[in-house]
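Take these sequences, add in the hints, and give me the full structure.
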Amino acid sequence: MVKKSMLAIGAMLMLFPTMAFAAEGDGPSAATLDMGLNALWIMVAAILVLLMQGGFILLETGSTRMKNAGHVAGKTIFTVGLVSLVYWAVGYGFAFGGDASESLNKFIGIGNFFFDPTIVAADGESYPSTIFFVFQLAFAAVSLSIAWGGFAERAKLSVYLIFTLVFGSVIYPVIAHWIWGGGWLAEDGSQDYAGSTVVHLTGAMAALAATILLKPRIGKYNKDGSANEILGHNQVFTSLAVLLLWVGWFGFNAGSAVAVGDGFFGYVAFTTQLGAAGGAVAALLISWLVKGKADIGVTLNGALAGLVAITASCAYVEPWASVVIGLIAGVLVFLSQAFFEKIKVDDPIAAMSVHGAAGVWGTLANGFFAAPALVEQVGVGKEGLFYGGGGHQLWVQFESVVVCGAFAFAASFIVLWIIKQIIGLRVTEEQEIIGLDLSEHGNYGYPEALKKSGTASL
Amino acid sequence: MSSLHKEKRLLDITGAGDPGSLRTIREEEQNRLGAILSSSPVIELVEDLNELHDSLILRALKLAEIEMARLGHGAPPVPYAYLLFGSGGRREQTFSSDQDSSLIYLDPQNEADALTFENYFQTLAQITVGYLVDIGYPPCEGNVIASNPDWCMSISAWERKLDSWFEEPNWENVRYLLIVADGRLVGGDEDLGARWNARFYRDFLGSPVIARRMMENTLRHKVLVGVFGQLLTERYGELAGTLDIKYGAYIPMVNVFRLMAVHAGIKETSTIGRIRELEKAEILSSEEAKEAAEAFELFLLLRLMAVTKDENGQWAGTGVIHASKLKGEWKVPLKKALKLGRKLQRQVEREMRYRFGGR
Chain A
1 MVKKSMLAIG AMLMLFPTMA FAAEGDGPSA ATLDMGLNAL WIMVAAILVL LMQGGFILLE
61 TGSTRMKNAG HVAGKTIFTV GLVSLVYWAV GYGFAFGGDA SESLNKFIGI GNFFFDPTIV
121 AADGESYPST IFFVFQLAFA AVSLSIAWGG FAERAKLSVY LIFTLVFGSV IYPVIAHWIW
181 GGGWLAEDGS QDYAGSTVVH LTGAMAALAA TILLKPRIGK YNKDGSANEI LGHNQVFTSL
241 AVLLLWVGWF GFNAGSAVAV GDGFFGYVAF TTQLGAAGGA VAALLISWLV KGKADIGVTL
301 NGALAGLVAI TASCAYVEPW ASVVIGLIAG VLVFLSQAFF EKIKVDDPIA AMSVHGAAGV
361 WGTLANGFFA APALVEQVGV GKEGLFYGGG GHQLWVQFES VVVCGAFAFA ASFIVLWIIK
421 QIIGLRVTEE QEIIGLDLSE HGNYGYPEAL KKSGTASL
Chain B
1 MSSLHKEKRL LDITGAGDPG SLRTIREEEQ NRLGAILSSS PVIELVEDLN ELHDSLILRA
61 LKLAEIEMAR LGHGAPPVPY AYLLFGSGGR REQTFSSDQD SSLIYLDPQN EADALTFENY
121 FQTLAQITVG YLVDIGYPPC EGNVIASNPD WCMSISAWER KLDSWFEEPN WENVRYLLIV
181 ADGRLVGGDE DLGARWNARF YRDFLGSPVI ARRMMENTLR HKVLVGVFGQ LLTERYGELA
241 GTLDIKYGAY IPMVNVFRLM AVHAGIKETS TIGRIRELEK AEILSSEEAK EAAEAFELFL
301 LLRLMAVTKD ENGQWAGTGV IHASKLKGEW KVPLKKALKL GRKLQRQVER EMRYRFGGR
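Note that the protein sequences, when read in sequence, are chains A and B. Quick note: the first sequence uses the numbering used here, first residue 1, plus one each step. Quick note: the second sequence uses the numbering used here, first residue 1, plus one each step.
Please keep in mind that the hints were generated in silico from the structure rather than gathered at the bench. Be aware that one or more of the hints could be misleading.
[Said to hold, decoys possible] Below 25 angstroms or equal to it, Euclidean Cα-Cα: the simulated SDA-like pairs (lysine to any residue) are: (1) 291/A to 247/B; (2) 220/A to 386/A; (3) 291/A to 70/B; (4) 223/A to 244/B; (5) 336/B to 201/B; (6) 223/A to 323/B.
In this text, all values refer to a predicted model and were calculated from it rather than measured experimentally.
As structure tokens, then:
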């Protein structure tokens, strides 16, 4: 075997003597190779983040009822398409455009509308702007899909259309600009590595505004105020969804290094796994201890909450801290779900608990756990309370949570309130009962399982 | 209650000529007992209530015999025994318990007799069950009732049936064994009842592994208290916020002491009686027995309180109590009682595993 290969290589060298010298001559420079490697990694990460939409489709569909399955799943594909166009035309320019004056740039970016990138990376760029765009777009789409949790099973299709336009062009880009695009929170040194606040809290706040304005689904609450459990129709979908999101999160967090360089993205992936693990374990155990039964739904949400929380802190904290952050997120999501149910906010996908509560916690966690060596590595902000940094970073984190949360909630609330006044947010009672598959699209997602005619029996 | 009143009640019952008047007596007595529920010792009250049920059932049986004679079937051709299972067997019926019963008659000597007896006793059982429905005892949902031919048969048929359950202890048969373990003679021939009872205990001692199967069948009902001592109330639906007293407190306790008692060959069927007998047999220390009896007493009280009258004035048991309606002074003893129930449940589980291995 070895002999044969040696023979083959010898023959090749005789036929193509230049092969032996390929390393010399005018090959790509080290800078080009570095750029190429970065580009490749960011592209892979962008694809992973886009694939997270598969997770959202399964998560939302599995957590809701059969009669809405086709609608819930299919509308995600539509809105991902629509937000891509909107973000290309306007959103990206507001988030990352560099033409605004210095004072305006604190609040919003200007430029790069209808983004028309150079076809290859320019000299000195560490990656092509095309790939950065695709990566950022995938984040915007994730934030939007998080928001849909609050709309599930009762909003009209047209509301999805209008809200996508506003969210993708203004609401999300403004917050992304504040923290990542050189805006005023970036100047303050707010630490949100991959978007616990930017992506998750923003989406969750939109979901909260929607669910408040939409009111609970029919049958969620009884006259005496007690809640009913509206179970999702497929826990296997929901579990697969969590796995898809979990894997996609490696693109989300580790991709946010936007560089291969010294391999720091590997550390980010490492803490991400620990955070997710902590969330899943803590959530199952806490539900088991408190309710006497280990709740699968809570466990799944716990894994996601661990991921959401570690998203802000994955690059700033030591391994033990990422485990702690995940564990706390798992407990928090359980308590938060119970809390929202109690205050009569009907959140079918637990978006507010998973992305909101855990997003807040993850962002604040940097104020406690950010370690000096890691802060130096990333170069944003200062070390946290537990490393002698005092309350400074905690205050910055708190500020960014409050400001971004308030902005996202207020903006979403106003937009949805206006839509509600003009065309209405919610389908009619009858449409809600027969299901949105039929009322919005004309066909059931499970045609054999549900009868189209005979709606009179309802 | 004064013995004078008791005697008068018994006279009224034995003098009643139809189910309608028995129902009136039952309602009056239940109203009286319901009114003094929270102010009297619960064990005595439950005893009193169950004496009432027993005499009503006995009278219904007598009326059915009279009706049989009137219909031309004559007197019972051979002695028979009427057994109660479930809460009736345990002398723990509430204001709204249903009927779980069986009828056993002496073996026929030939085939002609066999047919006659079968006809007579099945008709008798049907009339009795019908009367009891009229008096306000709904039939058993699981169809464990004398009017069902599967639960109305001659003593040797019954013995064969018991043997077959012990030989083939699948889930369903073990469930039946758990039901009949609470069996108690309420009317008819005492020797027949004793013979039936002896067979059950003979079979049980002959196959001790049955005890483990019986335990496994009962573990489904967990005591509704969490590791932090919190009450595990219902979270959703119309019953949100309620505690399932029947299946989350009372039944697990019944299961534990049934198993311990049967295992020790104790034939007493009421749970309090079982606890007392277990103490006498030195299986429970006097301290344990006292705690257990106190805990069970509280469950009995709450279970009686979980019964209400519906809009038609009919007694209806939900088995649940809203946690916010629990009196403050009950919360501490209730949690203590539930924790004891949980401890006992685990203790029995451990012991069975130790004795027969895990699965």
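We went through each hint and held it up to the structure:
{"no.": "1", "hint": "291/A to 247/B", "result": "16 angstroms, holds"}
{"no.": "2", "hint": "220/A to 386/A", "result": "43 angstroms, violated"}
{"no.": "3", "hint": "291/A to 70/B", "result": "59 angstroms, violated"}
{"no.": "4", "hint": "223/A to 244/B", "result": "21 angstroms, holds"}
{"no.": "5", "hint": "336/B to 201/B", "result": "34 angstroms, violated"}
{"no.": "6", "hint": "223/A to 323/B", "result": "19 angstroms, holds"}
When each numbered hint is compared with the structure, violations occur for hints 2, 3 and 5.
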